[in-house]
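Enquirer: Sequence:
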Amino acid sequence: MDKLSYTPRGALTPNYPLADLTWLRVGGPADWLFQPADEADLSACLAALPADVTVFPMGVGSNLIVRDGGLRAVVIRLGRGFNAISVMGETVTAGAAALDAHVARRAAEAGRDLTFLRTIPGAIGGAVRMNAGCYGAYVADHLISVRVVLRTGEVVEMAAEDLHLAYRSSTLPDQAVIVSATFRAAAGDPAALAARMEEQIAKRDASQPTKARSAGSTFRNPSGASSTGRADDSQELKAWKVIDAAGMRGATLGGAQISPMHSNFLINAGGATARDLETLGEEVRKKVLQTQGISLEWEIMRVGEY
Numbered sequence: 001m002d003k004l005s006y007t008p009r010g011a012l013t014p015n016y017p018l019a020d021l022t023w024l025r026v027g028g029p030a031d032w033l034f035q036p037a038d039e040a041d042l043s044a045c046l047a048a049l050p051a052d053v054t055v056f057p058m059g060v061g062s063n064l065i066v067r068d069g070g071l072r073a074v075v076i077r078l079g080r081g082f083n084a085i086s087v088m089g090e091t092v093t094a095g096a097a098a099l100d101a102h103v104a105r106r107a108a109e110a111g112r113d114l115t116f117l118r119t120i121p122g123a124i125g126g127a128v129r130m131n132a133g134c135y136g137a138y139v140a141d142h143l144i145s146v147r148v149v150l151r152t153g154e155v156v157e158m159a160a161e162d163l164h165l166a167y168r169s170s171t172l173p174d175q176a177v178i179v180s181a182t183f184r185a186a187a188g189d190p191a192a193l194a195a196r197m198e199e200q201i202a203k204r205d206a207s208q209p210t211k212a213r214s215a216g217s218t219f220r221n222p223s224g225a226s227s228t229g230r231a232d233d234s235q236e237l238k239a240w241k242v243i244d245a246a247g248m249r250g251a252t253l254g255g256a257q258i259s260p261m262h263s264n265f266l267i268n269a270g271g272a273t274a275r276d277l278e279t280l281g282e283e284v285r286k287k288v289l290q291t292q293g294i295s296l297e298w299e300i301m302r303v304g305e306y
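For the sequence shown, the residue numbers in full-length UniProt numbering are 1 to 306.
By construction, these hints were calculated from the structure, which means they are not laboratory data. There is no bait here: all hints are sound.
Simulated pairs of lysine-lysine, DSBU-like, Cα-Cα distance not exceeding 30 Å:
hint	residue 1	residue 2
1	Lys287	Lys238
2	Lys203	Lys241
3	Lys238	Lys286
Hey, can you work out the whole structure from these sequences and the hints?
Expert: This is the structure we're talking about:
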């Protein structure tokens, strides 16, 4: 990348090792890592980047495999300038870098119910992009609008309906960076909301390998979703069930393993490469298709070069 016409106030670092930034601790380097100081810095830098340079917004790396060859892109990672949380009446506005769990707790303290976010790994930007959900509630149920910096550097407000939120997906413009999101949250008793979140955490920790290096749920539930983007949680067909039926619980490849505790979790059991993890995931997909005729879809995003 040639010298920019704009000098960022944030950190712009070449050849940054992305394994340090992902929960699975795998992956090669990005050509550049940009950590903007604030929205204006982000906007100006994107506007100054040559049009042929790819931009990849990255959250906390909780739902991501970066391949071993790394990313030929400018990776955007938002930090302290983008993690504010405010509550005004029934609305909660959170910066894209605010952790989902922190938003749930702050809202609960103010007597507002976004408790579904408490057990979702990652930050608000990723939660919006993927229409994250848990315990029957989804971002689509609460989102009012998002503030976005487009690849051109233009800052726009987008209504929730413009994102066409669906099961684990949205139509956010290509290479756009979410900087904040505003939610509508029902009123609730702070103590009751806190107790509910504690119950959710206990339930999650009892059934999922939360202490292992994973990227959350590996595959989408094959039960699908309604036209509103809500997964049909009433259906019995779950990713972990079809993986179990294929005999892949606990399967290993190199340092990668399908968790013995929950078979829809792909974990780095020690020394795994991105290729180990992705190849094992593809073996699971192949076995499920062969044994049950079901084609599992990845929920974990996989990016970069082999």
